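Participant: Number 249 in numbering that gives the first Met the number 0 belongs to position 250 of the sequence shown; there are no gaps in the numbering.
Think of the hints as simulated: they come from the structure by calculation, not from any bench.
Treat the hints loosely; a few may be bogus.
[Stated by the list, open to error] With a straight-line cut-off of 27 Å between C-alpha atoms, the simulated DSS-like cross-links for lysine-lysine are:
{"no.": "1", "residue 1": "LYS91", "residue 2": "LYS173"}
{"no.": "2", "residue 1": "LYS173", "residue 2": "LYS2"}
{"no.": "3", "residue 1": "LYS2", "residue 2": "LYS91"}
{"no.": "4", "residue 1": "LYS5", "residue 2": "LYS91"}
{"no.": "5", "residue 1": "LYS5", "residue 2": "LYS173"}
[Unchecked claim] FRET-style restraints, in silico, Cβ to Cβ:
{"no.": "6", "residue 1": "ARG204", "residue 2": "GLN232", "range": "22 to 32 Å"}
{"no.": "7", "residue 1": "ARG249", "residue 2": "ARG17", "range": "17 to 27 Å"}
{"no.": "8", "residue 1": "SER273", "residue 2": "LYS2", "range": "36 to 46 Å"}
{"no.": "9", "residue 1": "ARG204", "residue 2": "ALA270", "range": "25 to 35 Å"}
{"no.": "10", "residue 1": "PRO306", "residue 2": "ARG267", "range": "22 to 32 Å"}
{"no.": "11", "residue 1": "PRO185", "residue 2": "PRO53", "range": "51 to 61 Å"}
{"no.": "12", "residue 1": "THR50", "residue 2": "PRO242", "range": "30 to 40 Å"}
{"no.": "13", "residue 1": "ALA4", "residue 2": "ALA270", "range": "49 to 59 Å"}
{"no.": "14", "residue 1": "SER158", "residue 2": "ASP278", "range": "37 to 47 Å"}
Owing to the predicted nature of the structure, the values given are computational and were not obtained by experimental measurement.
No residue lacks a Cβ here, since even glycine has one placed at the ideal position from N, Cα and C.
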Amino acid sequence: MTKRAKQAIGQQILAAFRAAGAVEVAPDILLPAETLLDLYGEDIRARAYVTQDPIRGEMMLRPDFTVPVVQMHMRNGAEPARYCYLGEVFRKQDHGDTRPEHPRDNEYLQAGFELFARDPDADAEVFALFHSILKPLDLQATMGDMDLLMDAVRALPLSGARRAALLHHIWRPKRFAKALARFAAPSAPRRFEASAAPWNGLRSREEMQARIARLQADAAETPLPAIWAERLQRLFTVDAPAPQALADLRALATEIPDIAEAVDRLARNLALLSARGIDVGAIRFDASHGRHTMEYYDGMTFSFVAPGRADWPPVASGGRYDALAAVLGQAQGRSIPAVGGIIRPGLVHELGGLS
0 MTKRAKQAIG
10 QQILAAFRAA
20 GAVEVAPDIL
30 LPAETLLDLY
40 GEDIRARAYV
50 TQDPIRGEMM
60 LRPDFTVPVV
70 QMHMRNGAEP
80 ARYCYLGEVF
90 RKQDHGDTRP
100 EHPRDNEYLQ
110 AGFELFARDP
120 DADAEVFALF
130 HSILKPLDLQ
140 ATMGDMDLLM
150 DAVRALPLSG
160 ARRAALLHHI
170 WRPKRFAKAL
180 ARFAAPSAPR
190 RFEASAAPWN
200 GLRSREEMQA
210 RIARLQADAA
220 ETPLPAIWAE
230 RLQRLFTVDA
240 PAPQALADLR
250 ALATEIPDIA
260 EAVDRLARNL
270 ALLSARGIDV
280 GAIRFDASHG
290 RHTMEYYDGM
300 TFSFVAPGRA
310 DWPPVASGGR
320 YDALAAVLGQ
330 AQGRSIPAVG
340 GIIRPGLVHE
350 LGGLS
């Protein structure tokens, strides 16, 4: 009975997505693992169900809908395009050798909406759609912007290699903090004594020599001035009602001019949401919000969480993923901005439903 109730709520959400102009699609459940691992990183392997097919190679039970929907759109989709879907995703939720007292579902429903459009209002359209559907649940809405953070990192007075390393770890806060601390300290000289011993190991001689050259070049780097690490820390800790956060970010933009464009975009999105009747003062803006979501989000991010349910994942989440769409569109020579999100009907059911 519970499963049927969750399906009914999923259909209710799907109907709202269709009413917003979306075409319903049904991606495969079993997907090639190679593409997913390339895009999500090997970290997804620990949470995904992977199997080996003698003909098709390594396959994965669908951990997410976004990649197959983007691939489908890039093959034959028009512009603009809106898609919606409802179906199960599969992820390992619990780690360790013993079954937890309150295990989370490894298979659960997702209802989703994806928008492919060059319209600058697309972020506000998707957020407002999710806000209207979930309004009966009185959830806490939070926004972030990964492009804001990445623009700040790109502005650091560091070499391209060090900036690239920080950008690579921006979704891994602990590793990012360690790398930033290392780059802010004087580098210890690296010495590699000449030896007549033969080169051996899994890497070739050329690969090892290139690695040595990178380490030697890194040791010659000038440390990051402390003021820049401090500015970055202040940016990452901006967390306030959206209007106050906007004011804080405008002040920071005087010290980090490269974030000014992203701050202006946030101001425009908040104005668009306000024009749609949404109380932007009730939206929390957390500058580090996107650092705890899927790695493919590279712009606006959002989530809706249930107050008092700290042990729950978000009831809904989403964001902008232009770079992912560009990568998946390379084979067809296509690139189009994209933004979307998902709702978990099971959690909506736990909260009493939408009516």
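Participant: If a hint holds in the structure, say so; if it does not, say that too.
Facilitator: Cross-check of the supplied hints:
1. For the hint pairing LYS91 with LYS173, the CA-to-CA distance comes to about 23 Å; that is within 27 Å, so the pair holds.
2. Our distance criterion of 27 Å between C-alpha atoms is broken by LYS173 and LYS2, whose separation comes to about 38 Å.
3. Between the alpha carbons of LYS2 and LYS91 the distance comes to roughly 19 Å, so the proposed pair stays at or under 27 Å and holds.
4. Restraint check for LYS5 and LYS91: the C-alpha separation of about 20 Å stays at or below 27 Å, so the hint holds.
5. Simply put, LYS5 and LYS173 have alpha-carbon atoms about 37 Å apart, too far for the 27 Å limit, and the pair is violated.
6. Separated by about 42 Å at the C-beta atoms, ARG204 and GLN232 break the suggested range of 22 to 32 Å.
7. Taking 17 to 27 Å as the suggested C-beta distance range, the pair ARG249 and ARG17 does not conform, at roughly 39 Å.
8. For the hinted restraint 36 to 46 Å between SER273 and LYS2, the CB-CB distance of approximately 39 Å keeps it satisfied.
9. In this structure the hint that ARG204 and ALA270 lie 25 to 35 Å apart at CB is violated, the actual value being about 59 Å.
10. At roughly 28 Å, the beta carbons of PRO306 and ARG267 sit within the given window of 22 to 32 Å.
11. Restraint check, PRO185 to PRO53: a C-beta distance of roughly 55 Å satisfies the suggested window 51 to 61 Å.
12. Between THR50 and PRO242 the beta carbon distance is about 49 Å. The supplied range of 30 to 40 Å is therefore violated.
13. A hinted range of 49 to 59 Å for the beta carbons of ALA4 and ALA270 is inconsistent with their spacing of about 39 Å.
14. Between SER158 and ASP278 the Cβ separation comes to about 45 Å, which falls inside the hinted range of 37 to 47 Å.
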